[in-house]
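Starting from the given sequences, assemble the full structure and let the hints guide the process.
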Amino acid sequence: MKKKLLVIMVCLCAVLLGACGKESANKEGASQENTNSEPIEITMLTAMAYGTEGLDLAVESFQKTHPNVTFDIQHIPNDYETILKSRINAGEFPDIIAAQTGSMVASYYDFAYDFSEDPVIEKFNPNAIELSKSPEGKVLSLPWTYETMGIIYNKDLFEQAGITELPATLDELEAVCKELESQGILPFATAFKETWVLAHIASHYMTTENTDPVKTVEALSNGEITFDTMDNFNNLYRLLDMMIEYGPNKNLETDWEKSENMLANGEAAMIHMGDWCEATLKEFNPDVNVGFLPVPISNNAQESYLLSSISWQLLANKDSEHLDMTTEFLKHILTSEEGQAWMTEYVGAVPAVTTDTDVTGMLASSAKTSIDEGMTRPWNHTLWPSGYNMKMGAFLQEYLFGVSEIEQTNEKLTTGWLEQIH
Amino acid sequence: MKNKKAKGIMELLFFSGPALLSVIMITIIPFLMNIYYSVFDWNGISKEMNFVGFNNFVRIFTKDAQFKSSFLFTLQFSIIYIIVINVLAIIIANYLSESYWLSNITRAFYFLPYIISLVAISLIWRFLLGPGFTYLYEWTGIELFGISWLGDPRYALVSVVLISVWQNMGFFMIIYIAGFMAIPNSLLEASSIDGASKIKRFLKIKLPLLMPSVTICIFYSLTFGLKLFDIILVLTKGGPGNATRTVAFDIYNDAFLSNRYGLATAKSLIFFAVVLIVTVIQLRYFKNKEVEY
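Sequence lines, in order, name chains V and L. Residue numbering for the first sequence follows the numbering used here, beginning at 1 and increasing consecutively. Residue numbering for the second sequence follows the numbering used here, beginning at 1 and increasing consecutively.
The hints are simulated quantities; they were obtained by calculation from the structure and are not laboratory data. Don't take each hint at face value.
Straight line, CA to CA, 20 Å or less: simulated SDA-like cross-link-like pairs of lysine to any residue [as the list claims (entries may be wrong)]:
1) L:K63 / V:T415
2) V:K85 / L:A248
3) L:K47 / V:A175
4) V:K331 / V:D319
5) L:K47 / V:I88
6) L:K204 / L:P30
7) L:K206 / L:N86
8) L:K63 / V:E411
9) L:K63 / V:S221
10) L:K206 / L:A196
11) V:K85 / L:S97
12) V:K138 / L:S46
13) V:K282 / V:N300
14) L:K227 / L:L157
15) V:K85 / L:N50
16) V:K85 / L:F40
17) L:K198 / L:E98
18) L:K289 / L:V234
19) L:K68 / V:E411
20) V:K85 / L:E48
21) L:K68 / V:Y346
22) L:K63 / V:Q420
23) V:K331 / V:G162
24) L:K237 / V:W196
25) L:K68 / L:F272
26) V:K318 / L:S46
27) V:K282 / V:Y346
28) V:K318 / V:S116
29) V:K318 / V:P119
30) L:K47 / V:N89
31) L:K63 / V:Q408
32) L:K237 / L:Q76
33) V:K318 / L:K47
34) V:K331 / V:E130
35) V:K85 / L:A196
36) V:K133 / V:M104
37) V:K155 / V:N125
38) L:K200 / L:L96
39) V:K331 / V:D72
40) L:K47 / V:F111
Small disclaimer: the values here were computed from a predicted structure and weren't measured.
Here is the structure:
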């Protein structure tokens, strides 16, 4: 019996030692990287789990010229930050990671490779590079695509209800809701369970004081503006009330999947979401026919906007064992023909890189009309202090089920903001 | 003699070594690291950490309203949970400890939920309480199914208690069944000869003799209640609003979503101290209540 145990222990030790041995062998391989024949593995972690077939094609085309490189690419839509942080603290920083523009990407600058001197940035839309710069003006990450958000409406349902003119003010929106309801169509299915959806909706009402998102955030942080003095912020509550009144029964249980499903299958006419949901909508219903409706922030018909910005940045780990290969690959998937197709065709978004390819996305093209009409503003919610999204969402949920009134909610929002930055 | 002693030590190391090693690696070392991080202002990512001394602790007690409210919620949940689960488990165990032809199968059914992972259970219940109940409501029109069990702060607590009780009751029931079975039959027979009614027999004989099991079960349910996390993460994410935010979830939130790793570790230390004190008091108190026969 004892002997058996001993044998098991010895085997275990052997396995452990073997594992260590393997690792050191890997490191030796790294030092000889430049011979171009050593196998290299590049790891990449993103949160964008849609349109990934396009990325696979871009990877394939890269492998044609670099047959010695293999890839470990993972897309994690839920709890992405938690998983990323655990990996980092376990000492496994992936070669390439995705992070949201603003406060999230800034927290990873310690690890980011500096692209400021790299000619590749010429290939990008100057505005996109401007949005990707660090406070010191360095380009520490490369922008992925533009994303746009607003109210998304089901065109077929609107047509069925005979609504030809899109609402441009809050009053008109309410009239449309009444019209839809009278015809037995559920007007709204907002994903009120998700705190981030609430934060997205609220951010529309935080653009009036200053259209420059950086300045808005600064002004909030140094107390120049507060939520109760913001011009249009109280109109947010009117929209939320409307969404509740003309929404489904269990409003606060609606999560993003359910909300998108209801819109795609014609069970609800409008939701608040961004163009990133198009791939999901098509999964729920391949024949879905939707478009953007700028969010009215007051009763002035000129003041209804979509919010748009670069949402995701990709950054290369400057401590990567195969830094050259990593940056080369990153540039390939962002700028090559196949890479552009990933963004335009499969994700269906407007890429940050300058491109001649047509954007196929229904929502992205719908957004384009608004951009041309000047109905778009840059969003600011990704610049808020980390964690404020959730906090704000929870406070607004408390308003929705009547724990606090408008005044109290505004106060909580202001103090919550200051708490989060100090 | 000396040889024998050395052999004894070797044997001790051989058998307890692996366990000791894993406890040190996954409990002791992280705990010490936790203490280390708690005096820094660190976001959990960057390479530099600012030493802030006890500022994190001061902040928790002076500024952090969220910590206080999550603490109160956790206490509220724990108290309700402990009472409901132990009372139910004792009642059911009392019936199931008497053997009849179906008792084994019935015990197995009660125990079944306990062997499924909490995350899977929470996902199942999320479906049942959400779309499941909606369809039932459309079918039957019964008010109970029309309530927004997860979307209304008044009912969210009930849902969380219900699910955790349903999942864990089997485990407590087994402990109580073992406790009931250990009560000598002679005492029960003597009492029935003396004319004690069933209820009296339960209250005056079975329950006092069950106290060792009660101590263990209350201990387990107390720690489970205070550390509640998985159900919250999957089922409600602390919502709606902040209505079901437990301390464990608050700590997770601070560490991973608000980028306040230092603050979160400080919170977890305070929380550790509270759990330790509460459980020690509980164990002492209930140990005193145990009787000998």
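Ascending list of hint numbers which this structure does not respect: Violated: hints 3, 6, 11, 13, 18, 21, 23, 35 and 37.
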